[in-house]
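Enquirer: Residue numbers (this note's numbering), protein chains in the order written: chain A, 151 to 310; chain B, 539 to 1204.
Bear in mind the hints are in silico, worked out from the structure with no lab data behind them.
Heads up, none of these hints are tricks.
When the alpha-carbon atoms are kept at most 27 Å apart in a straight line, the in silico DSS-like pairs for lysine-lysine are as follows:
(1) A/Lys198 to B/Lys937
(2) B/Lys937 to A/Lys279
(3) B/Lys840 to B/Lys566
Residues from chain A shown here face chain B by an in silico Cβ test under 7 Å; the list is partial:
(4) Thr208
(5) Leu215
(6) Val303
Just so we're clear, the structure is a prediction, and the values are computed from it rather than from any experiment.
Beta carbons are placed, not taken as given, at the ideal position from N, Cα and C, and that holds for glycine.
The residues making up each chain are set out below.
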Amino acid sequence: MDNLGIVLAITGAAVAALAAGCGSAVGVGIGGEAASGVISEDPSQFGKVLILQLLPGTQGIYGLLIAFITLTQIGVLGGDPNISTAKGAMYLAACLPMAIVGLFSAIKQGRTSVACIGLVAKRPDQFGKAMILPAMVETYAILALLVSILSIVGIGGMSI
Amino acid sequence: MAVVPMQRINICALKKDRKQILEALQRKGVIEICDVMKEGKVFHKDDVSDTASQLTKNIQTGQKALQVLDEYAPEKKPFLAFLNGRQEVTIEEYDLFRKIHPSASRIVKRLVTLDKMIQSDRAEITKNKLLLEAMEPWVSLDVPMDFEGTSSTSAFIGMLPNVWTEEKLVETMAEYGPVEAQIISVIGEQTCVFLLGLKKHKDKIFDLLRMNGFARPMNVSSESPAKQIESLRTEIQRLEDEIAKSIEEIEELAKNREMIQFFVDYETTREEKYEVINRLLQSEHTFVLTGYIPVTEIDTLKAFLEENFDVDIQLKDPSPKADVPVLLKNNSFARPLEGITEGFSSPNKEEIDPTSIMSVFYYMMFGLMFSDAGYGLLMVVVCGLILLKFKKMEDSWKKNITMFFYCGVATMFWGIMFSSYFGDVVDVVSTTFFGKTVSIPPLWFAPTSEPMRMLVFSMALGVVHLMTGLIMKFIQCVRNGKLMDGIYDAIFWFVLIISCVFVLMSSSMFMNIVGLTFILPSAVGNVASIIALISAVGIIVMSGRESKNKGKRIMKGMYNLYGITGYLSDVLSYSRLLALGLATGVIGTVINKMGSMAGSGVVKVIAFIIIFCVGHLLNFAINALGAYVHTNRLQYVEFFGKFYDGGGRKYMPFSTKTKYYKIKEN
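Work out the full structure, taking the sequences as your base and the hints as a guide.
Expert: As structure tokens, then:
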């Protein structure tokens, strides 16, 4: 197979968008279930619980971001999509941190959000703290995003 | 610029002035009542909790009445009406309300009663409809349902499972004939039958019917089904009319909505006042009120009270042990962020208000994470217009919107620095529609093409932020007279971290990684390593100083030095400035690219505009949320973690906490 490189690279991009997106879907989903319960009791909390529900949504965006940077780098979106197998494999590897960390961190962040939605339901004045707790989980998704971005940009400059 | 100092105030006045004084204090809203003095022989507390609970009940009925109005006669509110703030009324108008109070109270009660009537009518209708449904299969039966037969016959009215015909029924009953069978109706798998047999066979027929699953209907009445159905229908109609009449009356009463809102506010104000009366110490002719007052308010209040009433006012500094409430006061630039500080916790007695220092970093970091000139401009314009248009906005809204205004300015600034205008819309539009690429060069550099440079900048900013935190800690220690603690716990760390940075900057390997071209001479590196070593030793020796045991003290110090890994992760945490900044920019680019790919000609322009608007709105929303949350996180976790514990109690003055009307001070 001559084109193995591009296959591997696109697999990487797809996996990043796929896994991180799935994670966020689960996270935002369970957040929404908890949020609707709170709203049924107290509709005025909508704004607050909506923000908490959305917090695990960022991983999906990061996954999209990685997928998009990869696609631009390998020339699928305009350019010359012809890269070596080694480079393709590297792109795949570079996408994995975001894919895997994104998947698990979004689910766990969703669960933290659920707990914090419960917190806001009982103590609406503690919203500031409730928002920070899920954001702590996201740190690791951000670190993974960083590694993925730096790797992908770095691979572009290599001549292998 | 900081925490407003508080004083303890004792006001002693005559009981005849109690109402006026309390109402004046409530309107001014500058004293937080506290009860520290104990009851004695002369002074004791009055129990007015009965009145207070009556008021609470009134407030609840008032709110219920407003809910009823909202349900049956909703008010059309203009868009963004909530930003208008509460309507202002004068003290005279407020006092006059006492005269209309009884009629307002009547209307409120009437509304609640009407609502209850509607509820019970609706329940009644449901019940009748169920009955009607049960009666409908029997409509063609022309005898009452409880008809038992004549002197020599017995009637059986009821339902049999499965579908039956008259012949089949007569055949089944042939043994005890003659019988007259009539099928009233067949509904699904149920047959309603009327069977007439001889009285002497009554029990036998009944047994036989029972074996076939015969069941008498419920709710038998002495009226014929047709009549019964008729009366049920009339009843339902009557109830519906009654509901309609009630709703009409509610709609009629809806013109009193403002009066009811005033009623709720009036009662809320009174409730608050009675709560205070409950805590006052009173003698036969005088009362004493104690509380905390911000020093800035003392003179005006004192002058006002002494001019109008016979009062004795005593002021003193609160004792060091007292639980003094905290009021923050900052300049207009930092004021919008007081809510952020209070969202963490108000500063305790030993701490300074971090809001003003934080504000610089807050706006800057928000801008860095959002970093798009287009989005920034949008924020500035929208928030600016709102601030201009709604002058009487409630304070909390005003704070938030002003905060986003400043955040927008910062976002615009960094967007221009990094050349991000709705992603890369200038390039895309010029290339796609005009065939010539025009791009605005960044004032500084473009993070998308030089991510490493941005990463280094983010972390450098992080080091500055953390070091500012350590300096704050030092200042706090000095203010509390613990100079040595400040040196051991803040300065040692400060020196250690800074010298570590110098050591790194003199190593060519590190500088290669981060892509910086200059390298500090190795002599600087050597000196810095010695300084770092000294401060590390200082931390080992001094940070465990509360332990008497020397060995334990050293062990504790070494463990604390291990905390340097915490600094490492703190600094790395600032990489989110890069990550979120890139996320905004790159997703914006994706949207522009998608927009430029669809169709051709006029369709292309329309498609681009639609995709541009929807896509950027989405990107704006999700990234504004991200920037807000993560700016807060950097302040709360990394910055506050260095020096700020909070735990102070927010200042809650005795004031009018109304919802609809604001009483204007003359």
